[in-house]
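Take a look at the letters that make up each chain.
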Amino acid sequence: MAAREVARTPENKVYSKPRLLTDAVMHFCPGCSHGTIHKLIAEVIDEMGMEHEAIGISPVGCGVLAYDYIDIDWVEAAHGRAAAVGTAIKRLNPSKLVFTYQGDGDLAAIGTGETIHACNRGENITIIYINNAIYGMTGGQMAPTTLLGQRTATTPQGRDAAQHGYPFKVGDMLAQLDGVCYVTRQSVHTPASVRRAKKALRKAFENSMQQKGLSFVEFVSTCSSGWKMTPVEANRWLAEHMLPVYPLGDIKG
Amino acid sequence: MEEIRLMKGNEVIAEAAVRCGCDGYFGYPITPQSEILETLTMMRPWETTGMVVVQAESEVAAINMAYGGASCGKRVMVSSSSPGISLMCEGLSYLAGAELPCLVVNVSRGGPGLGTIQPSQADYFQAVKGGGHGDYHLIVLAPGSVQEMYDFVSWGFDLAFRYRNPVMILSDGVIGQMMEKVVLSAPKPRWSDEQIAEMWGSWAVTGKPASRTRNIVTSVELDPLRQERFNHKLTDKYRTICEREARCEMVGCDDADYVIVAYGSSARISQKVVELAAEDGLKVGLLRPITLYPFPEREIERLSHRVKGFLSVEMSMGQMIEDVKLASRCRVPVYHFGRTGGVIHTPTEVYEALKSNFLQK
Amino acid sequence: MAKIRGIVTIEQERCKGCGVCVEACPSQVLELAFEVNGKGYHYAKMANPDACTGCTSCALVCPDSCITVYRQKDSDD
Numbered sequence: 023m024a025a026r027e028v029a030r031t032p033e034n035k036v037y038s039k040p041r042l043l044t045d046a047v048m049h050f051c052p053g054c055s056h057g058t059i060h061k062l063i064a065e066v067i068d069e070m071g072m073e074h075e076a077i078g079i080s081p082v083g084c085g086v087l088a089y090d091y092i093d094i095d096w097v098e099a100a101h102g103r104a105a106a107v108g109t110a111i112k113r114l115n116p117s118k119l120v121f122t123y124q125g126d127g128d129l130a131a132i133g134t135g136e137t138i139h140a141c142n143r144g145e146n147i148t149i150i151y152i153n154n155a156i157y158g159m160t161g162g163q164m165a166p167t168t169l170l171g172q173r174t175a176t177t178p179q180g181r182d183a184a185q186h187g188y189p190f191k192v193g194d195m196l197a198q199l200d201g202v203c204y205v206t207r208q209s210v211h212t213p214a215s216v217r218r219a220k221k222a223l224r225k226a227f228e229n230s231m232q233q234k235g236l237s238f239v240e241f242v243s244t245c246s247s248g249w250k251m252t253p254v255e256a257n258r259w260l261a262e263h264m265l266p267v268y269p270l271g272d273i274k275g
Numbered sequence: 216m217e218e219i220r221l222m223k224g225n226e227v228i229a230e231a232a233v234r235c236g237c238d239g240y241f242g243y244p245i246t247p248q249s250e251i252l253e254t255l256t257m258m259r260p261w262e263t264t265g266m267v268v269v270q271a272e273s274e275v276a277a278i279n280m281a282y283g284g285a286s287c288g289k290r291v292m293v294s295s296s297s298p299g300i301s302l303m304c305e306g307l308s309y310l311a312g313a314e315l316p317c318l319v320v321n322v323s324r325g326g327p328g329l330g331t332i333q334p335s336q337a338d339y340f341q342a343v344k345g346g347g348h349g350d351y352h353l354i355v356l357a358p359g360s361v362q363e364m365y366d367f368v369s370w371g372f373d374l375a376f377r378y379r380n381p382v383m384i385l386s387d388g389v390i391g392q393m394m395e396k397v398v399l400s401a402p403k404p405r406w407s408d409e410q411i412a413e414m415w416g417s418w419a420v421t422g423k424p425a426s427r428t429r430n431i432v433t434s435v436e437l438d439p440l441r442q443e444r445f446n447h448k449l450t451d452k453y454r455t456i457c458e459r460e461a462r463c464e465m466v467g468c469d470d471a472d473y474v475i476v477a478y479g480s481s482a483r484i485s486q487k488v489v490e491l492a493a494e495d496g497l498k499v500g501l502l503r504p505i506t507l508y509p510f511p512e513r514e515i516e517r518l519s520h521r522v523k524g525f526l527s528v529e530m531s532m533g534q535m536i537e538d539v540k541l542a543s544r545c546r547v548p549v550y551h552f553g554r555t556g557g558v559i560h561t562p563t564e565v566y567e568a569l570k571s572n573f574l575q576k
Numbered sequence: 006m007a008k009i010r011g012i013v014t015i016e017q018e019r020c021k022g023c024g025v026c027v028e029a030c031p032s033q034v035l036e037l038a039f040e041v042n043g044k045g046y047h048y049a050k051m052a053n054p055d056a057c058t059g060c061t062s063c064a065l066v067c068p069d070s071c072i073t074v075y076r077q078k079d080s081d082d
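Chains as they are written, first to last, in the numbering used here: chain A, 23 to 275; chain B, 216 to 576; chain C, 6 to 82.
I should point out that these hints are in silico values taken from the structure, not numbers from a laboratory. Incorrect hints may have been included.
Derived DEER-like restraints, expressed as beta-carbon distance ranges [to be verified]:
1) Asn42/C to Arg444/B: 26 to 36 Å
2) Arg220/B to Gly275/A: 40 to 50 Å
3) Asp350/B to Glu33/A: 35 to 45 Å
Some chain C residues well away from chain A (every beta-carbon gap over 12 Å; in silico) [what the hints assert, rightly or not]:
4) Arg19
5) Ala38
6) Phe39
7) Glu40
With a straight-line Cα cutoff of 27 Å, these simulated BS3-like cross-link-like pairs (lysine-lysine) come out [what the hints assert, rightly or not]:
8) Lys423/B to Lys225/A
9) Lys221/A to Lys44/C
10) Lys250/A to Lys50/C
11) Lys39/A to Lys8/C
12) Lys540/B to Lys452/B
13) Lys44/C to Lys39/A
14) Lys498/B to Lys540/B
15) Lys540/B to Lys344/B
16) Lys191/A to Lys221/A
17) Lys423/B to Lys221/A
18) Lys191/A to Lys274/A
19) Lys487/B to Lys540/B
20) Lys570/B to Lys523/B
21) Lys35/A to Lys50/C
22) Lys250/A to Lys44/C
23) Lys452/B to Lys344/B
24) Lys448/B to Lys39/A
25) Lys39/A to Lys50/C
26) Lys423/B to Lys220/A
27) Lys423/B to Lys448/B
28) Lys39/A to Lys78/C
29) Lys78/C to Lys35/A
30) Lys221/A to Lys234/A
31) Lys234/A to Lys220/A
32) Lys570/B to Lys540/B
33) Lys274/A to Lys234/A
34) Lys523/B to Lys498/B
35) Lys274/A to Lys225/A
36) Lys234/A to Lys423/B
37) Lys221/A to Lys274/A
38) Lys487/B to Lys523/B
Idealized CB from N, CA, C, for every residue including glycine.
Taking the hints into account, I'd like the entire structure generated from these sequences.
The structure is reproduced here in structure tokens:
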């Protein structure tokens with residue numbers, strides 16, 4: 023029996039581009055986790071009905087242009103300073119949903135101070151942290167999160183602990199701080215992980231609105247260009263190499 | 216209601232902030248300006264006006280908190296002293312680049328480096344020429360009294376919002392620490408969210424209402440031609456500021472042979488020099504720039520046709536003197552005198568310098 | 006017996022041909038086209054439409070949000 027084609031009707035539609043994503047084609051490389059995470063943010067804000075209350079803070083790095091893609095109000099912060107910017111926005115506008123979006127260079131290197139202290143003060147914001155173990159925008163240099171042995175533009179022989187120290191597990195460190203109510207490590211490399219990540223993001227945003235303290239959502243992510251792999255290979259490499267060092271799941275809360 | 220009190224310059228900054236409806240203050244302790252943060256935490260304005268006061272973990276964080284608050288169309292301010300202002304320079308450049316209003320108070324001290332904690336005016340270049348990177352200017356106000364410390368907070372916010380540009384009050388440890396009588400104006404309420412949406416809805420980030428497209432506060436531009444166009448727009452703004460906002464005070468300049476140019480505490484000291492000179496029958500005037508950027512060029516240019524020379528008196532090795540030379544087109548000799556590194560010159564020292572430069576050469 | 010069937014539409018010009026959807030599909034419905042789009046990417050397309058159950062796995066992992074999924078329940082009478 024030749025199957026009839028499924029009707030493309032609104033009632034049959036089960037998944038489409040989120041309403042709060044703009045029509046702009048993202049500048050990210052093919053397969054980049056940023057796009058998937060942007061999509062989750064847009065979906066969660068829409069589902070929470072927070073479109074008119076959300077204020078995002080974009081970083082310096084590949085995420086800098088987040089404001090071109092998610093249709094809410096945005097502030098673009100100086101490199102690493104998003105948590106300080108977010109602190110004031112939330113304190114001055116307690117009814118808003120305030121979140122930062124930062125990479126591992128922005129947050130875990132140059133912005134370590136601002137991040138730790140916003141966490142320690144228990145600011146009622148959400149920090150979305152993209153950990154792809156490399157500097158993407160500047161061309162694939164070592165990040166604090168780079169794995170031991172991982173080759174980058176500035177560790178061409180692989181990261182050597184004696185020379186460069188160790189992969190920085192930011193989430194584990196921040197979980198020690200009393201101001202932090204929720205630390206979770208997620209990924210978007212499989213359909214199941216995307217579903218889990220979305221739930222985590224929603225929980226974080228709800229914490230922020232309920233004044234529970236700071237929520238920290240880490241996304242273990244790929245950078246296929248920086249890692250010099252195809253996107254599919256990068257997803258596999260993430261599972262094989264990143265996840266043993268940065269295991270997924272809730273760290274606190 | 217107006218009130219008259221005897222207050223310290225730094226305390227007055229805090230009092231002025233609360234009374235003029237400031238929404239947020241972000242600070243970090245550094246001598247000689249810590250009383251600003253201390254006074255605010257003593258006043259507890261969050262319980263009265265709702266003003267937010269945060270002791271940040273660094274000056275870098277403080278200025279970026281101000282950047283966040285300013286992005287929302289709120290009246291926000293920071294204060295620091297010289298080394299701390301150096302740390303804030305990145306943020307100042309971003310504020311200027313994103314065209315955000317913000318008030319910055321520098322109660323400056325001796326440098327370079329960690330320097331001293333005593334008064335200095337060696338941050339002139341940093342304040343008026345940039346400090347941070349890129350084609351931008353701060354509007355720089357130089358109070359000469361505790362009363363002006365008070366008045367310039369409100370004036371500074373007005374300028375910051377009129378031009379969407381950071382404004383700096385460049386004070387020093389003398390004015391920050393000294394006590395004088397000050398007339399405090401009646402308190403003004405903070406702006407409501409509705410007022411902010413009405414006045415600054417075209418740019419302020421408040422959560423995107425259904426009635427408008429999203430607002431984006433940013434200073435990044437990927438296309439150099441668009442960045443160039445933006446820089447021209449900024450420059451046009453600065454030109455307007457220079458045409459309209461330059462202020463100075465002139466004492467005895469009408470028939471002066473020699474004019475001292477001095478701001479802030481140096482101007483206070485130089486007032487005495489004018490009196491000492493008059494006792495000796497010398498015609499010495501004082502031109503006190505109230506705005507350092509824009510610099511009162513026109514008045515100096517006008518005087519340069521008539522006077523025999525200028526003496527730039529500043530607690531530095533000579534920074535403002537460059538602007539005096541430029542403004543006077545070097546038509547007459549321009550000399551500098553100033554103690555530095557935290558040392559304050561006396562009227563006698565200034566007077567001797569004036570005489571030795573102009574009368575004994 | 007009810008059978009759940011699905012179909013996806015892929016915005017060909019937005020697709021960057023990363024292939025993440027192809028890998029995510031549990032029913033091997035998708036493949037990258039031999040042809041390229043305006044940007045030179047081998048875009049994703051349905052190669053085996055009959056196998057699609059409308060599970061949304063492909064769309065969930067698509068970083069460019071170019072996949073729309075439709076699903077319908079047919080009664081097999």
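Identify every previously stated hint that the structure contradicts and give their numbers, smallest first.
-> Of the numbered hints given earlier, those the structure breaks are 3, 4, 9 and 24, listed in rising order.
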